[in-house]
Amino acid sequence: MKQRGRHRRQQRGRALRAFLAGTALALTAAATMISASQATVGDRPGALKALAASDRTAGLRLQERLVPRSTLDRLAAAMGRPVGVSTVLDDADHSLLGAADCTTAERTALPVAPAATRAYCWDAADTRGWRAGAVTTSGDADDDGHWGERRVILSGWTHRSGSSAKPGAARVAFVDASDPDRLTYTWAALAVPVDGGRDYRGLSSPVSGMVWYQDRLLVTAADGLYVYDMHRIQRATVDSGAVGRVGGGWAAYGARYVLPAVGSYRLTGKAARPAAISLDRSTAPDSLVASEWVPTGSGRHTTRLWRYAFSSNPARAGLLATDSTGRTVATEAYETKTAGVGGVLSYGSQWYLARAADTADGHGTLWRQNAHGARATRCGADGTHRCWAGPSGSLSYWEETGEVWSQSGRMLYALPLSSVEKSLG
Numbered sequence: 042m043k044q045r046g047r048h049r050r051q052q053r054g055r056a057l058r059a060f061l062a063g064t065a066l067a068l069t070a071a072a073t074m075i076s077a078s079q080a081t082v083g084d085r086p087g088a089l090k091a092l093a094a095s096d097r098t099a100g101l102r103l104q105e106r107l108v109p110r111s112t113l114d115r116l117a118a119a120m121g122r123p124v125g126v127s128t129v130l131d132d133a134d135h136s137l138l139g140a141a142d143c144t145t146a147e148r149t150a151l152p153v154a155p156a157a158t159r160a161y162c163w164d165a166a167d168t169r170g171w172r173a174g175a176v177t178t179s180g181d182a183d184d185d186g187h188w189g190e191r192r193v194i195l196s197g198w199t200h201r202s203g204s205s206a207k208p209g210a211a212r213v214a215f216v217d218a219s220d221p222d223r224l225t226y227t228w229a230a231l232a233v234p235v236d237g238g239r240d241y242r243g244l245s246s247p248v249s250g251m252v253w254y255q256d257r258l259l260v261t262a263a264d265g266l267y268v269y270d271m272h273r274i275q276r277a278t279v280d281s282g283a284v285g286r287v288g289g290g291w292a293a294y295g296a297r298y299v300l301p302a303v304g305s306y307r308l309t310g311k312a313a314r315p316a317a318i319s320l321d322r323s324t325a326p327d328s329l330v331a332s333e334w335v336p337t338g339s340g341r342h343t344t345r346l347w348r349y350a351f352s353s354n355p356a357r358a359g360l361l362a363t364d365s366t367g368r369t370v371a372t373e374a375y376e377t378k379t380a381g382v383g384g385v386l387s388y389g390s391q392w393y394l395a396r397a398a399d400t401a402d403g404h405g406t407l408w409r410q411n412a413h414g415a416r417a418t419r420c421g422a423d424g425t426h427r428c429w430a431g432p433s434g435s436l437s438y439w440e441e442t443g444e445v446w447s448q449s450g451r452m453l454y455a456l457p458l459s460s461v462e463k464s465l466g
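Here the sequence shown is numbered in my numbering, starting from 42 and rising by one per residue.
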């Protein structure tokens with residue numbers, strides 16, 4: 042793991058915060074799109090309810106399963122020596138568009154209030170047929186906010202199911218965000234080794250949650266979490282819509298790179314599936330927080346939130362804390378009286394929940410909850426709460442800059458956590 046001096050981190054942090062303070066975008070046009078029917082205040086989730094220890098220890102327990110080193114080495118021997126994040130960023134072949142170059146329809150997916158201070162959109166042709174999901178950053182990976190000398194954003198996408206040749210396919214955009222005026226990126230497919238490392242299959246699960254912590258990337262799956270090693274990125278050698286070993290080499294849904302899973306955390310019983318996840322650096326040790334997905338209109342009106350501790354063992358950098366049998370137990374868990382939670386953050390004693398809109402063209406809500414009550418961001422003096430992004434994506438807090446990053450539709454955006462606090466009604 043890399044080491045840096047705190048003085049250099051502080052200098053870069055001050056310079057970046059000064060830059061951000063002077064470059065806020067005027068992204069308030071979306072406010073005019075809110076109809077009168079959306080002015081109704083949404084659910085009132087109230088205070089968080091702590092769950093009993095039995096719910097934490099049994100209902101939310103994970104079992105760690107690491108891929109044998111021999112399997113990963115066999116795959117690397119066949120595909121070539123693995124590369125790291127810097128190599129992938131150096132190979133960027135696409136660029137994000139600044140907010141001013143995005144369409145009005147794309148910008149309506151942004152929160153109305155608090156407004157984004159930075160926003161970008163993805164090329165429609167490059168993302169057609171894919172759905173944006175989770176986001177995580179080098180602010181999660183390292184406390185100085187950088188990976189090497191770069192600022193990096195990872196954006197997870199899932200191919201829409203249906204008649205596609207690649208249902209459930211998952212990929213990640215590696216975005217070089219070192220220059221806020223020019224974000225470049227390239228794709229890497231998410232995969233799972235099979236046949237002892239002689240081949241791999243695509244990760245057939247929606248990417249609704251993702252956390253990059255130290256050397257590892259944790260991604261939500263249907264039955265838990267998959268783990269990827271940021272030093273074990275393989276090059277694809279064949280430009281094909283297929284995935285895995287193909288005639289002439291290795292394919293990754295047309296991406297230039299592929300990430301083979303190095304492990305997983307599987308739920309050991311019938312419990313809540315992690316849907317949204319994020320990193321909390323305010324705990325000791327750092328922790329992974331999660332929420333389950335409960336659709337609005339499902340008849341259920343409560344959602345579980347919980348926390349896992351990361352390991353403090355240097356030999357297990359980026360992995361969760363486990364007992365001698367490889368089990369991970371939630372250190373705390375809560376229940377909130379709401380559904381449709383698409384993003385979760387925890388910092389200090391506060392939890393932030395991004396709730397999806399009730400209609401396809403509506404806006405969602407952003408709640409701050411704790412053990413004493415709940416407050417939502419509001420759109421203006423009228424107190425309307427439905428002013429967050431409609432298709433609420435995952436939330437990621439970049440502690441070094443004080444920014445919250447998220448995705449909505451084809452928009453990638455950031456805003457200060459302080460502006461969320463100021464907007465609470």
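Certain hints may be false.
Label-pair restraints from in silico Cβ distances [to be verified]: (1) G289 x L465: 32 to 40 Å; (2) E376 x R106: 45 to 53 Å; (3) T366 x T343: 15 to 23 Å; (4) A165 x S323: 31 to 39 Å; (5) D134 x P221: 13 to 21 Å; (6) T366 x D131: 18 to 26 Å; (7) A165 x G189: 50 to 58 Å; (8) G421 x G295: 39 to 47 Å; (9) V279 x A94: 45 to 53 Å; (10) G403 x G282: 32 to 40 Å; (11) A401 x G288: 16 to 24 Å; (12) S339 x R110: 41 to 49 Å.
Below, computed lysine to aspartate or glutamate pairings styled on EDC-like, alpha-carbon distance capped at 20 Å [as the list claims (entries may be wrong)]: (13) K311 x D256; (14) K378 x D183; (15) K311 x D142; (16) K378 x D364; (17) K90 x E333.
No wet-lab data here; the hints were simulated from the structure. Note that beta-carbon positions come from the ideal geometry of N, C-alpha and C, so glycine has one too.
Need the list of violated hint numbers for this structure, in ascending order. Hints 1, 2, 3, 6, 7, 11, 13, 14, 15 and 16 not satisfied by this model.
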